[in-house]
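First to last, the sequence lines map onto chains A and B.
Going by my numbering, the first sequence opens with residue 1, and the numbers climb by one from there.
Going by my numbering, the second sequence opens with residue 1, and the numbers climb by one from there.
It should be emphasised that the hints constitute simulated quantities derived from the structure, not laboratory data.
Treat the hints with caution; some may be incorrect.
[Stated by the list, open to error] With a straight-line cut-off of 25 Å between C-alpha atoms, the simulated DSS-like cross-links for lysine-lysine are:
1) B:Lys-311 with B:Lys-366
2) A:Lys-40 with B:Lys-256
3) A:Lys-380 with B:Lys-256
4) A:Lys-34 with B:Lys-133
5) A:Lys-362 with B:Lys-311
6) B:Lys-30 with A:Lys-54
7) A:Lys-380 with A:Lys-34
8) A:Lys-225 with B:Lys-528
9) B:Lys-30 with A:Lys-298
10) A:Lys-261 with B:Lys-366
11) B:Lys-311 with A:Lys-202
12) A:Lys-298 with B:Lys-238
13) B:Lys-158 with A:Lys-54
14) B:Lys-194 with A:Lys-380
15) A:Lys-64 with B:Lys-311
16) B:Lys-158 with B:Lys-194
[Unchecked claim] Some chain B residues well away from chain A (every beta-carbon gap over 10 Å; in silico):
17) Gly-257
18) Glu-274
19) Leu-336
Backbone N, C-alpha and C fix where the C-beta goes; we use that ideal spot for every residue, glycine too.
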Amino acid sequence: MSLRVLNPNAEVLNKSAALHMTINAAKGLQDVLKTNLGPKGTIKMLVGGAGDIKLTKDGNTLLKEMQIQNPTAIMIARTAVAQDDASGDGTTSTVLFIGELMKQSERYIDEGMHPRVLVDGFDIAKRAILEFIEKFKTHVTVGETPDAEILKMVARTTLRTKLYESLADQLTDIVVNAVLCVRKPDEPIDLFMVEIMHMRHKFDVDTRLVEGLVLDHGSRHPDMKRRVENCHILTCNVSLEYEKSEVNAGFFYSNAEQREKMVAAERRQVDDRVRKIIELKNKVCSGNDNNFVVINQKGIDPPSLDLLARAGIVALRRAKRRNMERLVLACGGEAVNSVDDLTPDCLGWAGLVYEHVLGEEKYTFVENVKNPHSCTILIKGPNDHTIAQIKDAVRDGLRSVKNTIEDEAVILGAGAFEVAASQHLVNNVKKTVQGRAQLGVQAFADALLVVPKTLAENSGLDTQDVIIALTGEHDKGFIVGLNQHTGDPIDPLMEGIFDNYSVKRQIINSGPVIASQLLLVDEVIRAGRNMRKPS
Amino acid sequence: MGFQMQPYGIQSMLKEGHKHLSGLDEAVLKNIDACKQLSQITRTSLGPNGMNKMVINHLDKLFVTNDAATIVNELEVQHPAAKICVLAGKAQQEEIGDGANLTISFAGELLQNAEELIRMGLHPSEIIRGYSKGITKTIEILDELVEQGSDTMDVRNKNEVVSRMKSAVASKQFGQEDILCPLIADACIQVCPKNPTNFNVDNVRVAKLLGGGLHNCSIIRGMVLKNDAVGSIKKMEKAKIAVFAGGVDTSATETKGTVLIHNAEQLENYAKTEEAKVEELIKAVADSGAKVIVSGGAVGEMALHFCERYKLMVLKISSKFELRRFCRTTGAVALLKLSQPNPDELGYADSVSVQEVGGVRVTIVKNEEGGNSVSTVVLRGSTDSILDDLERAVDDGVNTYKAMCRDSRIVPGAAATEIELARRLKEFSFKETGLDQYAIAKFAESFEMVPKTLAENAGLNAIEIISSLYAEHAAGNTKVGIDLEEGICKDMSTMNIWDLYVTKYFALKYAADAACTVLRVDQIIMAKPAGGPKRDQPAGMDED
C-alpha cells in the first residue's frame with residue numbers, strides 16, 4: 001500500500017474495513033446509550049478513578065465521563081455534547097439517531113450501494129424534515145406572562161427522563177418558577193441568574209426553590225446574629241482588610257510608643273471605610289428595628305469584623321462574584337465599589353437573613369425579598385451522587401423551559417414527531433425523488449423510528465408491535481405517541497408530553513451531517529509516534 | 001495491537017483499564033451480593049448484645065467498637081454498590097447521629113430479599129415500585145405507632161430524657177447505660193437553650209482521661225482544657241476573665257518593622273519603653289478586674305512576667321473553636337488586641353484550676369450558674385479504645401437528645417415496632433394487586449431481620465422469638481418486644497424501652513432509598529483506579 005511505503009509504521013484501514021469500523025463504533029455507542037432513553041431508561045453507575053460514584057441517566061454526562069477512545073465514537077460523542085451545549089437536551093437521541101442512520105446505511109452499502117448516493121438521499125430528507133417540522137410544531141404564545149401550564153409540561157417531559165417520576169414532578173414546578181422568576185420581558189433569559197446550591201442534608205424530595213439567595217458561607221464572627229429580620233442589604237466590593245502596599249515598604253521606629261502609633265495608622269484607612277458603612281447603618285436603622293447586612297466580595301479582616309459586629313451589622317466576606325450580580329437582582333439596590341458615596345438608595349432589602357449550619361459547613365439564606373429577579377434552587381440529598389444527579393437534571397430542566405420560551409413552540413413528544421416525520425418521508429418525499437437517492441430517504445425514514453422503538457424496548461414492550469400500531473394510527477391521520485406503560489398509542493397533546501422544538505431541530509440538523517461525514521470516510525490512517533502504544 | 005482487530009462493543013471504546021459491567025447477572029446481582037456482605041459485617045453488631053469488631057485501618061490504628069458508622073468508615077469500602085449503603089449509613093449518622101447500623105443492615109436485608117425476587121423472575125423496576133410503596137406505607141404505619149402523648153415532652157425532665165436515650169446508649173454500652181445515661185442527660189439538660197430546637201451538640205464536650213473506671217466518670221459544668229496554665233498561678237476562684245484572640249504580646253504592624261537605633265543609649269531606652277508599654281497594657285487588664293487572661297496565640301515572655309507580677313493567671317488555648325467555646329462558657333467577648341477590656345467584655349468563672357488527673361495536668365473551668373453554656377462529660381477508663389468507645393456512646397446519646405429536642409415522639413423499642421410494621425405491611429401487601437405485592441411482602445419480611453438479629457446476637461432462638469412476637473402482636477399487644485436479658489417477649493412500655501421516631505424514620509427511609517438506588521443501576525462503568533500506593537485489602541472484607 002502506498003502509505004506503507006511512505007511510513008512503514010503507519011496503520012491503515014481502507015475501503016469497506018474503514019467503513020465497517022466506523023459503523024461498528026457508531027452502533028456500539030448506540031448500544032451503550034440505548035438503555036438511557038426515556039422515562040423508563042435505566043441508570044448507569046460510573047465509578048471514577050478515585051472510587052467516586054456517579055449515577056446518571058443523562059446521555060451527556062455519560063459521554064463526558066466515559067473517556068471514550070475510539071475515534072469514530074469520539075466524533076459522535078462530540079456532536080452529542082454540542083447538542084447539549086446548544087439546547088441542553090437530546091444527547092441520547094442524537095447518538096441513537098446517528099447510530100441508526102449508520103446501521104440503516106450499512107444494509108444498503110453491503111448490497112453494493114455507494115455511500116455518496118445515500119448521503120445525497122440524507123440531504124434531501126433532512127431538508128424535507130426541516131420544512132416539515134415548521135408545519136408540525138405546536139405554537140406557544142409567550143406574551144407578558146407565558147402559559148405556565150405548557151412550560152410545566154415541557155419541563156416534566158425532560159425531567160422525567162432524568163429522574164424518577166415523583167421527584168421529577170416536584171422539580172417541574174421549581175424549575176418553571178425559577179425561570180419565570182429570572183425572566184425579564186424583552187430580554188434574553190440568563191439562566192446564570194438562577195443559583196443552584198446544594199446541601200447534603202435530608203432527602204432528595206426536600207429540594208426547594210428559594211426566592212432569594214443562598215450563599216455557601218456564613219459570617220465569620222461569633223458575635224454576629226445568626227438570624228435577622230427586615231434587613232437592609234449592602235452589596236459591595238470593597239476591601240475591608242489591610243493590604244500590603246505594592247512597594248517594598250518598611251517602618252522604622254525607635255521606641256514602643258512610636259510603634260503603637262504606626263500600628264494605629266496602619267489600620268486607620270481600613271477603619272475609616274468600616275466607619276462609613278456603620279454611619280450608613282445608623283442612618284437607615286436608627287429608630288426602627290431594621291437590621292443591616294453587608295455582603296462583601298472582598299475580604300473583611302478580624303478587626304473590621306469586630307467593629308461591624310459591635311455596630312450590630314451582620315457581615316459576610318468573600319462572596320462569589322456571580323452572587324454579587326444575583327444579589328442585586330434578588331434584593332434590589334446596587335453593588336457598590338467604593339464606600340465614599342454611600343446613600344440609602346444603594347441598599348437592597350430582604351425580609352429574612354439567616355444562617356444554617358450543617359456540620360462544618362455554613363449556609364446563609366437571604367429570603368423574603370421583594371420582587372426578585374434572581375432565585376436559588378436549593379438541592380438537597382443524602383449523598384453526593386444523588387445531588388449530582390439532581391443537579392444535572394435541574395440544569396436540563398431549566399434549559400428546556402428557556403428553550404420553550406425562546407422558541408415559542410413545542411413539538412409533540414412520546415415518539416409522535418418521529419413517527420409522523422418518518423411517514424411524511426415515505427409517503428410524500430420519497431416519491432418526488434429521482435433515482436437511487438430514494439433509498440437514502442428510505443434509510444433516513446427508518447432511522448427516525450429508532451426513538452419510538454427504543455422507548456418501547458426500554459419499557460419491555462415488543463418493538464415491532466408498537467411501530468405497527470403507531471404507523472397505523474398515523475396513516476389514519478391521528479398523531480399519536482407511545483404510552484410507556486401499556487404500549488398503546490396515546491395522544492401526546494392530551495397527556496401533556498412535549499419536547500423542545502430547538503432540540504428536535506438540532507438533532508435533525510446535526511445527525512445526518514455527522515453520519516454523512518462518517519459514511520464518506522474510506523481510509524483511516526493512524527501514524528505518528530505518540531499515537532502508537534508499545535505493543 | 002493494531003486496530004484491525006478491534007472488538008465490537010463498548011469495551012473497545014473505553015480507555016484501557018476500564019471495566020464495564022451490565023445486565024442482571026453481572027451488575028445487579030453482584031451489587032446485591034456486595035451489599036449483603038457489608039450488611040453481614042455490621043449486622044452482628046446490632047443491638048445491645050452486638051459483638052464488637054476489631055478494625056485496623058490503613059494507619060494501623062486499632063478500633064474496637066460496635067458502632068456501625070465507625071466500622072464502615074474505617075473499612076474503606078471500595079465496591080461501588082456497597083459504597084451506596086455506606087453513604088446511606090453516613091447520611092444517617094450526620095442527620096441523627098445514631099441508627100447507622102439499622103440503616104446499613106436493613107438496606108442489606110432489603111437487597112437480599114430483592115435478590116430472591118429477581119430469581120423468582122421479577123424485574124428490578126417492579127421491585128423498586130414495590131419497595132417505594134412499601135416505604136411510603138411503612139412511614140404511615142410508623143406514624144400510627146407513635147406512643148400517645150409523647151409528642152410533647154419536657155426536654156429538661158431528666159427521667160423522660162433518660163428513658164428516651166437509654167436504648168441508644170444501651171446499644172453501644174450495654175449494662176452501663178444506667179451509669180452513662182443520667183450523666184449524658186444531665187450534661188445535655190444543662191446546656192439546653194431556652195428554645196430546645198437550637199440545642200447545639202457542640203456544647204456538650206467529652207474529655208477522655210486515662211485511668212480510673214466508669215464509676216469515676218462525672219460531669220463538669222464548664223470546660224476541661226487538656227493543658228496546663230502558662231504561668232505559675234494555678235488556681236483562681238470567682239475570677240473575671242479577659243480573652244484575647246490574638247495573643248498576649250507586644251503589638252506588631254502588618255508591614256515589616258525595623259527598630260532604628262542610633263546609639264547605645266537608644267538601645268537601652270528601647271527595651272525600657274517596650275517594657276513600659278507591656279506593663280501598661282497588662283496593668284490595664286488587671287485594673288479592669290480580670291484575674292485570668294486567656295490567650296488565643298503566643299504569650300510573650302515579657303507579658304507573662306508582668307502577668308505574674310499582677311497576679312494574673314494565664315491560659316493558652318490555641319484552637320480557635322476551643323477559644324470560642326471558652327467564650328461561650330464564661331460569657332467573655334474575645335478581644336483582638338491586648339488592650340483594656342470593658343467590664344461587659346469580661347467573662348466570669350466560679351473557679352479555674354489546674355488539677356492532675358491520671359497523670360495529666362488539666363485545667364478545669366467551672367461555672368455553676370453559667371446557664372446554657374458548655375458542659376463536659378469526663379470519661380474515665382483503663383484503655384484508649386475503651387475511652388473511644390465510651391465517647392461514641394456519649395456522642396450517640398447527645399445526638400439522640402438533639403433529635404428528641406426537635407421531635408420527641410417515640411415508638412416502642414426492642415423490635416416491637418419492627419414486628420408491628422412487618423405484620424401490618426404484610427396485610428397491606430395482600431390487598432395490593434399486581435406484581436409489586438411480592439416486593440411489598442418482601443419489604444415487610446425484611447423487618448424481621450431486626451428481632452432475628454437481636455435474638456441471635458443474644459444467643460436466643462430467633463425463630464421461636466419471632467413466632468411468639470407475631471402471636472402477641474396478632475393478639476393486639478402491639479408493644480411487645482424482646483427482653484434480651486430473660487429471653488422472653490415482654491411489653492416494652494413496662495420495660496420502658498423506647499426508640500425515637502425520627503431515628504427510625506430516617507434510618508428506614510435512607511435504607512429504602514439506598515436499596516432502590518442499587519436496584520436501579522443496571523450498568524457499571526468503572527474507570528481505571530487512580531494511581532497511588534497499593535493498599536492491602538482492608539481487614540474485614542474477607543469472609544468471617
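> What are the numbers of the hints that this structure violates, sorted from low to high?
Replying inline: 2, 3, 4, 5, 7, 8, 9, 10, 11, 12, 13, 14, 15, 17, 18 and 19
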